[in-house]
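Chains H and U are the protein sequences, given in the same order.
Oh and the first sequence: position 719 is 719 in the working numbering, straight run, nothing missing.
Here the working numbering runs 1000 ahead of the position in the second sequence, where the first position is 1.
A hint or two may mislead.
Said to hold, decoys possible - Computed beta-carbon distance windows for the label pairs:
#1 SER427(H) with ARG1320(U): 19 to 27 Å
#2 ARG1320(U) with ARG415(H): 32 to 40 Å
#3 THR1003(U) with ASP86(H): 21 to 29 Å
#4 ILE1201(U) with THR424(H): 28 to 36 Å
#5 ALA1078(U) with VAL152(H): 52 to 60 Å
Said to hold, decoys possible - Taking beta-carbon pairs under 7 Å as the criterion, some of the chain U residues facing chain H (in silico):
#6 ALA1077
#7 GLY1099
#8 ARG1126
#9 PHE1142
#10 VAL1229
#11 ARG1232
#12 TYR1235
#13 ARG1313
#14 THR1314
#15 ILE1316
What the hints contain is simulated information worked out from the structure, not anything from laboratory work.
Being a predicted model, the structure only gives us computed values, none of them experimental.
Beta carbons: idealized from backbone N, C-alpha and C, even for Gly.
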Amino acid sequence: MREVRMDGPYRPAALGASAQGLLGRPVDRYDGAAKVSGTAGYAFEGAPEGTLYGHVVGAEIGAGRVLSVDVAAAEAMPGVVAVIHDDPRMPSGEANSEHAPKVGPADRIHHYGQPIAIVVAESQEAARAAAGAVRIDYAPSEGRFDSRAAEVEHDHKLGFLPTIRRGDLDAALAEAEVVFDERYATPVHFPAALEPHATIAWWDGDRLTVRASLQIVGAARTAIAVALDMPEAKVRVLAPYVGGGFGGKTGVGPETILAAIAARRTGRPVKIALPRRQIAYLGHHRTDTVQRLRIGCNRDGRISAIAHEGVAAQKEDRTFLEPIPFGTLPLYAGKVRHFATSLVRVDLPGTGAVRAPGEAIGTFAIECAMDELAERLGLDPIELRRRNEPETDPLSGKPFSTRRLLDCYDEGARRFGWDRRAATPGSVREGEWLIGAGMAASLRGNFTVKSEARVTLDADGRAVIETDMTDIGTGTYTILAQVAGEMLGLGVDRIDVRLGDSEMPPSAGSGGSFGAGSSASAVALACEDILAELARRMNAAPEELSLKDGVVTAGGRSTPLADLVRGKPIVASGRMGPGKESKATSQASHGAHFCEVAVNGVTGEVRVRRMLGVFDVGRVLNEKTARSQIVGGVIWGIAYALSEDGVVDVRSGRFVNPDFGEYHVAVNADVPQIECHFIEEVDDHANPAGAKAVGELGISGAGAAVANAVYNATGVRVRDFPITLDKLLPGLPPV
Amino acid sequence: MKTFDYARADSPEAAVAAADEETRFIAGGTNLLDLMKLQVMTPAKLVDISRLDLNRIEDMDEGGLRIGALVANSDLAADTRVRSRYAVLSRALLAGASGQLRNKASTGGNLLQRTRCYYFYDTASRCNKREPGSGCDAREGFNRIHAVLGTSEQCIATHPGDMPVAMRALDVVIVTLKKDGDRRRIPIADFYRLPGDTPQIETVLYPGELITHVELPPAPRGRQIYRKVRDRASYAFALVSVAGIASVEDGRIASAALAFGGLAHMPWRDPAVEAALIGQPPSTEAFNAAADALLTGARGFGHNDFKLPLARRTLIAVLRDLTGDAS
């Protein structure tokens, strides 16, 4: 086992120095052929013989108590095998490794749709039909369904981001020559993964296997063991292919626990796929927020004080809290700094991590505020940002590991043609259309998470990579193959990657954009051990080795890799974890988004014409998958700016639009040409792979760039997102 | 989904014979199946008409077209006769749904598309259309997509279609076959009903009555435009849509047909709008007068108040394009 804690900068010698030339290249997806040919098995597929279907029965009130549950009629329906509502381990909500929801047969109802029972039947249709026959009597009570009306708690212990009050804000704002103070609001966001939450559970004696759509296998295993009160060692979790997560699958949904309970009770495997509308209630969503952004600066735009405060909602028994100002922390200079997220408790499904928690919505406030402030000061938005670019982390004083944000502005402005933007809003018109351009900074904090992998060089000279890491559509299979291929001198076709099995070495999992850097580092470390062994067999020092296309060369001698293995596979493991360096430096990925929009002057319809971004993400492991990650993020940003809007009916605690018909993610026609460029600087402080956060960087600031472009086009500043046409209409010129 | 009986018909006559009060005909199923999965609609029986010989577009003697009820939206939109003579219909069809849905959705079924009211879809909500007498959660609820014209105490839902709006402007005739074997020719002006006290009854069709054809009259004079305003560029229902047909002769508007989507329980057409235009020279004043006529009696319910100015602005823009210089 080669173990590296990031106590100092570390770069494996063989990474990027090898002859194979594989790393960073836009290699096609390792799993692409399997996915497009339908042979990649997702959670709901490949069920064992005799599998039953489950359907979760949810509460039909938003708050109150369950008085009685009558399952007799449902049990009597054709095809029904069992209706379970009384198991002491019934989950009331989503679980994760730190948090298990209150369990037991439902008594108090915390939100509409809370699981009350599970119907198990021979077919999905029979289970669904019988679910409607379960009779539940309730004693409803007044619910807290309106997050804007609920009492705000400032003093709470939720979330990982504490309240920060550096310096005297009131005094600083009183002294400032220019004071900016505006409020912004963002709505509920659903993760909206295309693959629904799904599980197959089966028992072999007292051992449970769960095949599910999950982002983090290890944490899921822990959560399942806790929820079912059984030893972790007897739980196996499989998640070989995941059809998108977007944060929504970071925990373990109640349907997974219910499937396991039902499989135990019936003695047969049970599978459940949640219908789209039910996902909104059994999974989590991103809280809506209200945010206040205050900036004090002088007439030159030099910031002396910055305060980013917001209010986020959470249900009663959950501890997550959206870290609203997280991305603002290190973004701009300013001595006085206040950051806080206050809490409102609501009787709604839980809020949780969704697509860049914090940055995705916090950047709407800070990056629109900078745009507004620049206009008030008569400065170009980039110039205002440039004047406030800090040399070290403005909050912690730590050095940045790497930070190429100014380069991103410059390169982006040059490629976009920023100098051709008309600074006066509403001044460019093409027929009915009002044209505008906007930009925003992008920042996503980088996390280093403990991750382990095993690499086996087999007798044929092929490499096998094993880790419980997941590929949620991000490209994990491909980048891990590239890292090993680069270091061991093998083409991707000589590498097998096996993921998503809790029997394999535990990894970071997919979430928080930490998966690629962390898991790639573990693979790199394992490969270093293999190289050391190969060097020993070649009687050479590891740094003398050159490996290419399955041949090892050292000191003028060349030997096929398979010959060196000599019939006995070489097995090595690598483990990487955070260390002193992770705390000693301020680490983030950076970028700059540029956007051109056309707003219809008659109707207020917004069409994004082009988006362009330049990003500093450390090492680019695969130019194609990294680009796809960014492009996906930018698309989410477009939709956050213009259309995604989860609406709660505050009378009932139900979602008004929990489906793809009325919850408007961007469709192809909404997505224009998106250009993505990287400024690559390997970050040896971050992790051995030198790669930093990519996935969520594309979202952060993208929506703000769209919003700023809409303002530039129309002169209408909308601070209540999304910017739907009804909000623009009153400010548009008469027809 | 509730258990239901299924029968496949081999002729229109057999289809209506197999139908009773609790029966629904199924063709593309693009709307019905979704609603059945959600138990918003729970027919006891489905009669599958998808294999009937009703999928042709035929020339009629007087110059119109006779469209079989099973002609897919994609095929109707792509028909060269429709594209050249009834551009407003082709445009409206292509503005609806997505490519996959248009390949499956039928002409007859599209006329009968149900509303997208959120509360109609949510079986836990009160909805007079889904469950008569239960109440309406939309009036005091989130009603951004709801109607502003022809609403009732019982229902403020909109008809969600695009194709029927164009057909309303084109004055199509809907041909049906009744259970008793009689055929009816129903002008589209008489086909739909306002919600009134019975929002669950959306058309004048009798139970078990089958739409077999839609007849397009000879092509109208003048320009044709379909303009749809929506929350995203594709795959979204109209907030407001306008199907407009108009001709200008000697500097005055000689003919005008204007139908509206997204505003009412049915494709909306008001003779007063057209009367305000015909005989007038094209001008902002005339267009505003038409908008005034359209919006007389219109009212919002809060979230949908914006539809009033949006309808006015969209109508004016459409009228400009219909009557402006061709250059």
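Is the interface hint for TYR1235(U) satisfied, with its Cβ closer than 7 Å to some Cβ of chain H?
Hint on TYR1235(U): holds, closest Cβ of chain H at ~5 Å, below 7 Å.
A range of 52 to 60 Å was offered for this pair. Does it hold for the Cβ distance of ALA1078(U) and VAL152(H)?
56 Å Cβ-Cβ, so the 52 to 60 Å window holds.
When the least beta-carbon distance from THR1314(U) to chain H is tested against 7 Å, hint result
Holds, because the Cβ-Cβ distance from THR1314(U) to chain H comes to roughly 6 Å (cut-off 7 Å).
Checking hints one by one. Is VAL1229(U) an interface residue toward chain H, by the C-beta closer than 7 Å rule?
Status holds, d = 5 Å.
Tell me if the interface restraint on ILE1316(U) is satisfied: Cβ within less than 7 Å of some Cβ in chain H.
Where the cut-off is 7 Å and the nearest Cβ of chain H is about 5 Å from ILE1316(U), the hint holds.
Agreement of hint ARG1232(U) with chain H interface, Cβ distance less than 7 Å:
Result: holds, 5 Å to nearest chain H Cβ.
Take a look at whether the Cβ-Cβ distance between SER427(H) and ARG1320(U) falls inside 19 to 27 Å.
Holds - the Cβ-Cβ distance for SER427(H) and ARG1320(U), about 23 Å, lies within 19 to 27 Å.
Given a hint of 28 to 36 Å, does the C-beta separation of ILE1201(U) and THR424(H) actually sit inside it?
Given a distance of about 55 Å, which is not inside 28 to 36 Å, the answer is violated.
Quick check on ARG1313(U) please, does its C-beta sit within 7 Å of some C-beta on chain H?
Holds, because the Cβ-Cβ distance from ARG1313(U) to chain H comes to roughly 5 Å (cut-off 7 Å).
For the hint on PHE1142(U), does the least C-beta distance to chain H fall short of 7 Å?
Interface hint status for PHE1142(U): holds (5 Å vs cutoff 7 Å).
Hint says 32 to 40 Å; check whether the CB-CB distance for ARG1320(U) and ARG415(H) agrees.
Given a distance of about 38 Å, which is inside 32 to 40 Å, the answer is holds.
Against chain H, run the beta carbon of ALA1077(U) and see if the smallest gap drops under 7 Å.
Hint on ALA1077(U): violated, closest Cβ of chain H at ~16 Å, above 7 Å.
The structure shown violates the earlier hints numbered 4, 6, 7, 8.
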